[in-house]
Amino acid sequence: MSPPLLEVDAVGKSYSMGGLLAREQVRAVHEVSFTLESGRPEIFTIIGESGSGKTTLARMILHSVPPTDGQVRFRGRDLATVRRRRDRLAFMKEVQPIFQNPFEAFNPLKRVDRYLFLTARRFVGAAGRRASEAAADEALRKVGLSLAEVKGRFPHELSGGQLQRAAVARALISKPALIVADEPVSMVDASLRVAIVNLFTRLRDDLGVSTIYITHDLATAYYISDRIIIMQKGRVVESGPAREVLAAPRHPYSIQLKNAVLSPDAAGSDAALRAALPADEDAEVAMTG
Amino acid sequence: MTTATLQPMAASGDPTAAPTRAAPVVEVQNLKAYYQVSHYGVVREVRAVDDISLRIEPGEIYGLAGESSSGKTTLIKVIAAATRPPLNVVGGTVRFRFGGETVDLYGGAPPDLQALRWKSFSYIMQGSMNVLNPVRRIRHSFVDFAFRHLGQPMPQFMKAVGAHLERLHLRPGVLDAYPHELSGGMRQRVTIALATVCRPEFIIADEPTTALDVVVQKGVLAMIREVQLELGSSLLFVTHDMAVHANLCDRLGIMYAGRLVEEGVTARVFREPRHPYTRHLIASLPRIGDTKPREGLKGVPPSLADPPQGCRFHPRCPLAMPVCSERVPPMMPLAHGQGRVACFAATPEAIGKDAG
Numbered sequence: 000m001s002p003p004l005l006e007v008d009a010v011g012k013s014y015s016m017g018g019l020l021a022r023e024q025v026r027a028v029h030e031v032s033f034t035l036e037s038g039r040p041e042i043f044t045i046i047g048e049s050g051s052g053k054t055t056l057a058r059m060i061l062h063s064v065p066p067t068d069g070q071v072r073f074r075g076r077d078l079a080t081v082r083r084r085r086d087r088l089a090f091m092k093e094v095q096p097i098f099q100n101p102f103e104a105f106n107p108l109k110r111v112d113r114y115l116f117l118t119a120r121r122f123v124g125a126a127g128r129r130a131s132e133a134a135a136d137e138a139l140r141k142v143g144l145s146l147a148e149v150k151g152r153f154p155h156e157l158s159g160g161q162l163q164r165a166a167v168a169r170a171l172i173s174k175p176a177l178i179v180a181d182e183p184v185s186m187v188d189a190s191l192r193v194a195i196v197n198l199f200t201r202l203r204d205d206l207g208v209s210t211i212y213i214t215h216d217l218a219t220a221y222y223i224s225d226r227i228i229i230m231q232k233g234r235v236v237e238s239g240p241a242r243e244v245l246a247a248p249r250h251p252y253s254i255q256l257k258n259a260v261l262s263p264d265a266a267g268s269d270a271a272l273r274a275a276l277p278a279d280e281d282a283e284v285a286m287t288g
Numbered sequence: 000m001t002t003a004t005l006q007p008m009a010a011s012g013d014p015t016a017a018p019t020r021a022a023p024v025v026e027v028q029n030l031k032a033y034y035q036v037s038h039y040g041v042v043r044e045v046r047a048v049d050d051i052s053l054r055i056e057p058g059e060i061y062g063l064a065g066e067s068s069s070g071k072t073t074l075i076k077v078i079a080a081a082t083r084p085p086l087n088v089v090g091g092t093v094r095f096r097f098g099g100e101t102v103d104l105y106g107g108a109p110p111d112l113q114a115l116r117w118k119s120f121s122y123i124m125q126g127s128m129n130v131l132n133p134v135r136r137i138r139h140s141f142v143d144f145a146f147r148h149l150g151q152p153m154p155q156f157m158k159a160v161g162a163h164l165e166r167l168h169l170r171p172g173v174l175d176a177y178p179h180e181l182s183g184g185m186r187q188r189v190t191i192a193l194a195t196v197c198r199p200e201f202i203i204a205d206e207p208t209t210a211l212d213v214v215v216q217k218g219v220l221a222m223i224r225e226v227q228l229e230l231g232s233s234l235l236f237v238t239h240d241m242a243v244h245a246n247l248c249d250r251l252g253i254m255y256a257g258r259l260v261e262e263g264v265t266a267r268v269f270r271e272p273r274h275p276y277t278r279h280l281i282a283s284l285p286r287i288g289d290t291k292p293r294e295g296l297k298g299v300p301p302s303l304a305d306p307p308q309g310c311r312f313h314p315r316c317p318l319a320m321p322v323c324s325e326r327v328p329p330m331m332p333l334a335h336g337q338g339r340v341a342c343f344a345a346t347p348e349a350i351g352k353d354a355g
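For the protein sequence lines, the chains are P and D, in the order given. Take the first sequence: its position 24, counting from 1, is numbered 23 in numbering that gives the first Met the number 0, and each next residue is one higher. Take the second sequence: its position 163, counting from 1, is numbered 162 in numbering that gives the first Met the number 0, and each next residue is one higher.
Take every hint as true, because none was put in to throw you off.
Listed next, the in silico PhoX-like pairs over lysine-lysine satisfying Cα-Cα at most 25 Å (straight line):
| hint | chain 1 | residue 1 | chain 2 | residue 2 |
| --- | --- | --- | --- | --- |
| 1 | P | K257 | P | K232 |
| 2 | P | K92 | P | K109 |
| 3 | D | K291 | P | K141 |
| 4 | D | K297 | P | K141 |
| 5 | P | K150 | P | K109 |
| 6 | D | K31 | D | K76 |
| 7 | P | K174 | P | K109 |
| 8 | P | K174 | P | K92 |
| 9 | P | K150 | P | K174 |
| 10 | D | K297 | P | K150 |
| 11 | D | K291 | P | K257 |
Hints are computed from structural coordinates only; laboratory data are not their basis. Small disclaimer: the values here were computed from a predicted structure and weren't measured.
Kindly generate the complete structure, drawing on both the sequences and the hints.
Structure follows, in structure tokens:
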């Protein structure tokens with residue numbers, strides 16, 4: 000019985016804000032726990048609005064921000080003990096990130112293929128040009144691109160959808176077991192979202208890669224996720240099998256989220272918007288001044 | 000810009016009756032706007048807006064959909080008379096009809112834009128921080144934008160602004176806040192109030208809710224709808240989010256690679272899309288409660304610097320015929336006033352016609 004792939008165990012993160020005298024603790028994440036089993040790849044979705052702590056959680060899973068409370072364990076090992084360069088590289092080889100905006104994730108002045116080659120050299124130990132090109136091409140083919148399409152191109156020469164697929168390919172080069180995708184489609188056009196989101200399903204089914212999919216888009220979450228947690232102000236307010244939760248949310252916040260989703264089926268009727276009109280109180284509460 | 004009184008538009012009484020027979024507020028005809036760059040003598044042209052004609056009727060919300068780099072933003076820049084090189088208007092016209100007067104943007108003498116902007120047409124932009132001065136209180140933004148158009152002494156002006164905010168269910172207290180003290184949704188509400196304070200006849204909204212959370216987005220959209228109905232203004236609403244279009248817009252225009260490919264009443268476009276691109280766009284929308292696998296569109300959008308011959312969608316089109324790669328499909332009206340579509344497969348009678 001191998002240890003679980005990822006255990007997030009009562010993890011919390013506080014940031015301190017303010018100066019010496021008026022120091023304040025802001026709890027970004029509060030006692031979040033979940034487990035991804037190994038040998039059972041799945042798409043695990045974290046839903047929440049901005050400020051709900053989902054990106055902080057992702058950073059803790061990626062071992063780029065240390066948690067203040069609790070532990071993140073990857074294959075049974077506490078990430079706090081992953082300190083040495085070699086351990087870190089071994090960890091990064093297995094857990095790869097995908098970021099929100101592909102145009103920001105890639106340096107606009109450097110060619111896209113450079114990132115693929117660098118990743119190949121560092122994590123797969125591809126020595127020489129041919130080996131790294133082969134590794135890059137293999138990964139690009141998994142996302143429906145090829146090296147010929149990407150080679151020598153700068154980020155602005157690719158479309159947003161292509162570039163985000165190249166970002167997924169880069170993450171795949173090291174043959175990771177887990178991908179942490181933080182809002183991977185929110186900067187991508189609605190018409191291209193499906194293509195990117197389908198990739199995660201394919202990775203799960205064909206390559207056995209688990210994905211932690213962070214989003215505020217309930218429609219794509221419903222479309223691809225296996226399990227889901229809904230976060231509000233750093234706490235998990237609801238969790239469970241994605242389709243059950245989204246079909247019949249129980250927590251008031253989850254219900255509010257679901258009701259806020261605009262359905263394309265309402266075409267030509269603004270009834271949904273009219274219903275939202277007396278929501279002014281909420282808006283005023285949001286004002287801090 | 001002598002007086003501040005704005006005649007309410009004819010349609011303001013019942014703006015829900017979308018396309019009325021009145022003259023359109025905005026009329027775009029055969030508009031062509033290219034980015035023209037000369038690089039060491041080699042002229043490069045990016046045809047971001049190519050031969051687009053559309054009309055925006057009084058009191059309607061016209062939605063413009065299409066993926067990034069399909070020319071949406073260029074089109075609204077041209078309509079807002081905000082072109083500057085390398086973007087040049089190569090052909091066609093944009094005409095406004097404000098309070099019975101016709102303004103021709105690109106034909107004849109350049110109109111007095113200073114007087115028109117904000118008073119007759121205004122914008123709601125995506126980044127509210129770009130509109131509101133970050134180092135001054137909101138009050139000053141209102142003074143900067145609207146004071147001279149309303150032409151009232153300061154106390155009355157501030158009173159009018161306060162009344163306007165109240166009508167939009169905003170606390171007058173926001174006037175004394177700095178932009179950073181407000182949440183993103185609140186700031187966007189303030190920019191909407193700012194864009195509507197002069198009761199313009201035409202408002203351009205460029206992805207006003209794309210940067211907002213779902214919960215906040217719905218409230219902001221509801222506010223846009225409410226103020227639009229109340230003022231009876233026409234709105235050109237641009238976003239790539241089809242779900243937003245479905246819930247907000249009266250009519251919808253779909254752009255692909257610099258051209259308008261389909262137009263129609265929103266319900267019709269969603270229920271019965273005629274252009275294969277629109278059909279794909281609507282079929283690929285994920286919905287809660289539906290797990291049917293959806294396919295992404297094969298291929299990539301064409302480069303506007305070197306668009307394919309004929310219909311620009313034909314390399315990705317499942318219905319492509321030989322004629323599609325040879326000739327540009329003209330925008331053909333559909334039967335029973337269902338709108339227009341530019342596709343040889345949808346309107347075979349177009350094959351015999353010349354694209355013009």
